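**Q** Chains as they are written, first to last, in the numbering used here: chain A, 12 to 495; chain B, 12 to 495.
What the hints contain is simulated information worked out from the structure, not anything from laboratory work. Please read these numbers as outputs of a predicted model, since none were measured by experiment. Misleading hints may appear alongside valid ones.
All copies of an identical chain are treated as equivalent in the list; a pair is satisfied when it fits inside any one copy or across any two copies.
Claimed, not checked - Calculated pairs, DSBU-like style, for lysine-lysine (alpha carbon to alpha carbon, straight line, at most 35 angstroms):
(1) 268 <-> 285
(2) 318 <-> 105
(3) 318 <-> 35
(4) 35 <-> 464
(5) 268 <-> 363
2 protein chains.
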Amino acid sequence: MIPNWLLKRAALTPRARALSFEGKTWTYIELKEEAVIRANKLNALGLQRGNRIALLGATSAEMAMLIHGCMLAGVEMVLLNARLTVEEIEYQMKDSQSDLLLFDDAFSEKGRQANFRSVSYTNFLELEPIPMQLESMWEEDRVLTIMYTSGTTGFPKGVRQTAENHTASALSAVLNSGLHEGDAWLHMMPLFHISGFSILARAVLYGTEVRLFEKFDAAVAAQEIVSGNVSGMSVVAVTLERLLTVIENDNLLIHPKFRTMLVGGGPVPVSYLKRAGQCGLPVMQTYGMTETSSQTATLSAEDALRKPGSAGKPLFFTDIRIEGAEEPFDKGEILIKGPHVTKGYIGKHVDKQATENGWLHSGDIGYFDEEGFLFVSDRRSDLIISGGENIYPAEVEAVLVEHPNVLEAGVCAMPSEKWGAVPAAFIVAANTVDLESLDAFCKQQLASYKVPKAFYITDELPRNASNKLMRKTLRECVAEMNVE
Amino acid sequence: MIPNWLLKRAALTPRARALSFEGKTWTYIELKEEAVIRANKLNALGLQRGNRIALLGATSAEMAMLIHGCMLAGVEMVLLNARLTVEEIEYQMKDSQSDLLLFDDAFSEKGRQANFRSVSYTNFLELEPIPMQLESMWEEDRVLTIMYTSGTTGFPKGVRQTAENHTASALSAVLNSGLHEGDAWLHMMPLFHISGFSILARAVLYGTEVRLFEKFDAAVAAQEIVSGNVSGMSVVAVTLERLLTVIENDNLLIHPKFRTMLVGGGPVPVSYLKRAGQCGLPVMQTYGMTETSSQTATLSAEDALRKPGSAGKPLFFTDIRIEGAEEPFDKGEILIKGPHVTKGYIGKHVDKQATENGWLHSGDIGYFDEEGFLFVSDRRSDLIISGGENIYPAEVEAVLVEHPNVLEAGVCAMPSEKWGAVPAAFIVAANTVDLESLDAFCKQQLASYKVPKAFYITDELPRNASNKLMRKTLRECVAEMNVE
Numbered sequence: 012m013i014p015n016w017l018l019k020r021a022a023l024t025p026r027a028r029a030l031s032f033e034g035k036t037w038t039y040i041e042l043k044e045e046a047v048i049r050a051n052k053l054n055a056l057g058l059q060r061g062n063r064i065a066l067l068g069a070t071s072a073e074m075a076m077l078i079h080g081c082m083l084a085g086v087e088m089v090l091l092n093a094r095l096t097v098e099e100i101e102y103q104m105k106d107s108q109s110d111l112l113l114f115d116d117a118f119s120e121k122g123r124q125a126n127f128r129s130v131s132y133t134n135f136l137e138l139e140p141i142p143m144q145l146e147s148m149w150e151e152d153r154v155l156t157i158m159y160t161s162g163t164t165g166f167p168k169g170v171r172q173t174a175e176n177h178t179a180s181a182l183s184a185v186l187n188s189g190l191h192e193g194d195a196w197l198h199m200m201p202l203f204h205i206s207g208f209s210i211l212a213r214a215v216l217y218g219t220e221v222r223l224f225e226k227f228d229a230a231v232a233a234q235e236i237v238s239g240n241v242s243g244m245s246v247v248a249v250t251l252e253r254l255l256t257v258i259e260n261d262n263l264l265i266h267p268k269f270r271t272m273l274v275g276g277g278p279v280p281v282s283y284l285k286r287a288g289q290c291g292l293p294v295m296q297t298y299g300m301t302e303t304s305s306q307t308a309t310l311s312a313e314d315a316l317r318k319p320g321s322a323g324k325p326l327f328f329t330d331i332r333i334e335g336a337e338e339p340f341d342k343g344e345i346l347i348k349g350p351h352v353t354k355g356y357i358g359k360h361v362d363k364q365a366t367e368n369g370w371l372h373s374g375d376i377g378y379f380d381e382e383g384f385l386f387v388s389d390r391r392s393d394l395i396i397s398g399g400e401n402i403y404p405a406e407v408e409a410v411l412v413e414h415p416n417v418l419e420a421g422v423c424a425m426p427s428e429k430w431g432a433v434p435a436a437f438i439v440a441a442n443t444v445d446l447e448s449l450d451a452f453c454k455q456q457l458a459s460y461k462v463p464k465a466f467y468i469t470d471e472l473p474r475n476a477s478n479k480l481m482r483k484t485l486r487e488c489v490a491e492m493n494v495e
Numbered sequence: 012m013i014p015n016w017l018l019k020r021a022a023l024t025p026r027a028r029a030l031s032f033e034g035k036t037w038t039y040i041e042l043k044e045e046a047v048i049r050a051n052k053l054n055a056l057g058l059q060r061g062n063r064i065a066l067l068g069a070t071s072a073e074m075a076m077l078i079h080g081c082m083l084a085g086v087e088m089v090l091l092n093a094r095l096t097v098e099e100i101e102y103q104m105k106d107s108q109s110d111l112l113l114f115d116d117a118f119s120e121k122g123r124q125a126n127f128r129s130v131s132y133t134n135f136l137e138l139e140p141i142p143m144q145l146e147s148m149w150e151e152d153r154v155l156t157i158m159y160t161s162g163t164t165g166f167p168k169g170v171r172q173t174a175e176n177h178t179a180s181a182l183s184a185v186l187n188s189g190l191h192e193g194d195a196w197l198h199m200m201p202l203f204h205i206s207g208f209s210i211l212a213r214a215v216l217y218g219t220e221v222r223l224f225e226k227f228d229a230a231v232a233a234q235e236i237v238s239g240n241v242s243g244m245s246v247v248a249v250t251l252e253r254l255l256t257v258i259e260n261d262n263l264l265i266h267p268k269f270r271t272m273l274v275g276g277g278p279v280p281v282s283y284l285k286r287a288g289q290c291g292l293p294v295m296q297t298y299g300m301t302e303t304s305s306q307t308a309t310l311s312a313e314d315a316l317r318k319p320g321s322a323g324k325p326l327f328f329t330d331i332r333i334e335g336a337e338e339p340f341d342k343g344e345i346l347i348k349g350p351h352v353t354k355g356y357i358g359k360h361v362d363k364q365a366t367e368n369g370w371l372h373s374g375d376i377g378y379f380d381e382e383g384f385l386f387v388s389d390r391r392s393d394l395i396i397s398g399g400e401n402i403y404p405a406e407v408e409a410v411l412v413e414h415p416n417v418l419e420a421g422v423c424a425m426p427s428e429k430w431g432a433v434p435a436a437f438i439v440a441a442n443t444v445d446l447e448s449l450d451a452f453c454k455q456q457l458a459s460y461k462v463p464k465a466f467y468i469t470d471e472l473p474r475n476a477s478n479k480l481m482r483k484t485l486r487e488c489v490a491e492m493n494v495e
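When you get a sec, could you build the whole thing from the sequences and use the hints?
**A** Structure below.
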């Protein structure tokens, strides 16, 4: 059994800061009171323990309170990506057999269009609460959250994340990142993603503050970090880059309290790591996914420059192996085991085994070096196979962004009659970039088959809500252009 | 499943400091290597997974390495109190069906006298190791350690402590005490006690250093604390007092790195807390026992003076309730639940349920105040806590009545400035009894701290209507006599 995080935390440190958002602050006892009200309003709507509710909204204090309210009421949450179309919302609600859609008023159009029982935040908050028995202890297998992953092909899969999954993830993380009096986390991620949800989970387990913002803002983030308001923050490579630019331009000094810049959602170019090092920004690269309830391996800041490109070592309660690998540097699919790994899917994919003898097949390709550091070479679905040779887009991108005039790069497969596929590159340029020089730059550092056979200059790269590069979209662009 | 702590830790932070003792220091990879050698030597002795080994020795680096060696080999450890007599050792080895006694050479006399297969450290270390399959993952219920607590019936009970028990205890503790880079714990406790063992367990889970000493030394402890060598230390009331005296006399300044003086093993006089506060020593009082694998409730340093005498709040993964209590301040037996609570006993007491619906009956009386702080008002009815060691009167009485000239015996606590309490005995003699011979008789069969420090000859013992010995009346007699 695992104690309901918020009830236990509010009993332990009621007066500690729990949450701040748009100038307001709540202590743990206040956050609990807000969450209890929402649990009782869910009860008023007739939602029972084991029911499912879908949440649609931007990151906000209200959403954080609703999340805790659901966890008190025993209601499972389906956390909908705020960018979904009405069709996609309907698919996920139907697949998850959700009993209700609770939507942020800003999403009224989508919320009302969806062919389901739905309530806006405003209408929900007007309900008269009906006191209920709160769920003070959880079974290990109690499902707290369901998140859909788009999957490599076909239909999105609803991933079950249990009380044990999230708790184990947070406990592994604390043994890696430490815990200081007064720690606070800067939260500029979507709450509906595992990266954003796990920040909430860790904070309530640790008794620390979440400084919540609706979205990423480089200037505000820099201010928070410089002022000593926060000790940690989660970013992806692209937001890290924007933040670095602000810190560099304004010559800002990192506050000594700040000790963890957690970078996930894909590889981080070495040039960013070097810049972070020069700024005194302690970067911890991490590897994780929805199915592992956030972090599985994390590279410590000390090793950031010694092991550039590595995702670190498997965290304390995590086991990782490379399928088929016999020696260091042997590449293969990354398999993951541990109490943080999902027990499985729901709906359409309910019969699909998430694990094989406890091992989750990540679909990602990677290897361990001789010291046991994990390197994720690429997402399997993005693998470019060219004339029998394997090309990992991340490797090509890492080279491209080293070019002085390249800000961001995305690489994908382009069909080729001769080779089956060849790599193509999308470039966000600093000023102008001379394609011939870029081609020469690549040829200097990459075997010729890995050098992109086409370069496209673009204003921005397609990214999902957590700013992760969507290479599938790049492939679609390439396909369209080649048809024309 | 729980990863073998040391294997995982050595993989994560091989070069971090793990242990220091008498001027030598081992990193985690070095400690692992030492432990592997010992596991392989256990294998050479024919010990298999699931076998039991009894360890007898003082606190030393060798003992720490043996403990980790046993955990690698899958061998369950019976941690013998180093003060036990040969008779007591034989009882515990027989009761636990231990396959081998491994003894520190300084304990050769006891080690060789015991009528069991036994090996000295020196002879053990001369064995040729035979490589074996190390236990890299533990089932939650895997028994790591067995510690005997003397029971109320007179027969000590062997308490099983599992991988989950110890791990949960350490995880609850980290959420309470935090974890900083460079943390180190000053270890001057017996390794065979839960207080001392749990320091080892926490360190390897956290990746921090244990600064190990054979025994408590106030001057050395003060030096460690003042110099910034350590961030925490475990003491009992009597050692806290000696340390305070040194700090006060020498007007020492506590290093800012030092943030946890964990005081357990019984109540702490409020005057000590005040003195600690004046010295700037951050005291955390804790309540725990062998059956709870160390801490169950701990009072934070901030609350030490606000809630003098309290044991704090139940830690994150711990649940405590007061039997029969309906409101704050209602007194009753303290019941404890959680993943840190023993699954049960072995040997003679194997059929005795340790818990009732998951609740451990501590035998201690206590209450919660209006803010949820636990106060332990009376220890296990008659328990004598002497310098952190638990003494059960029944066990001492059982020895006394074996003496040919003793008809009846009653034992109770007698106040002691130095130890908090010591045992006193009331004797109904057959004819005359020579007190010196009685003292010698006890010393033969009881660890010295259990031997009564005063004997009173009386005509009869106070008994209630059902002839049950009323030890409370004995305590009152002792109090009166000491006043006179």
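**Q** Quick one: which hint numbers does this structure break? Sort them smallest to largest.
**A** 2, 4 and 5
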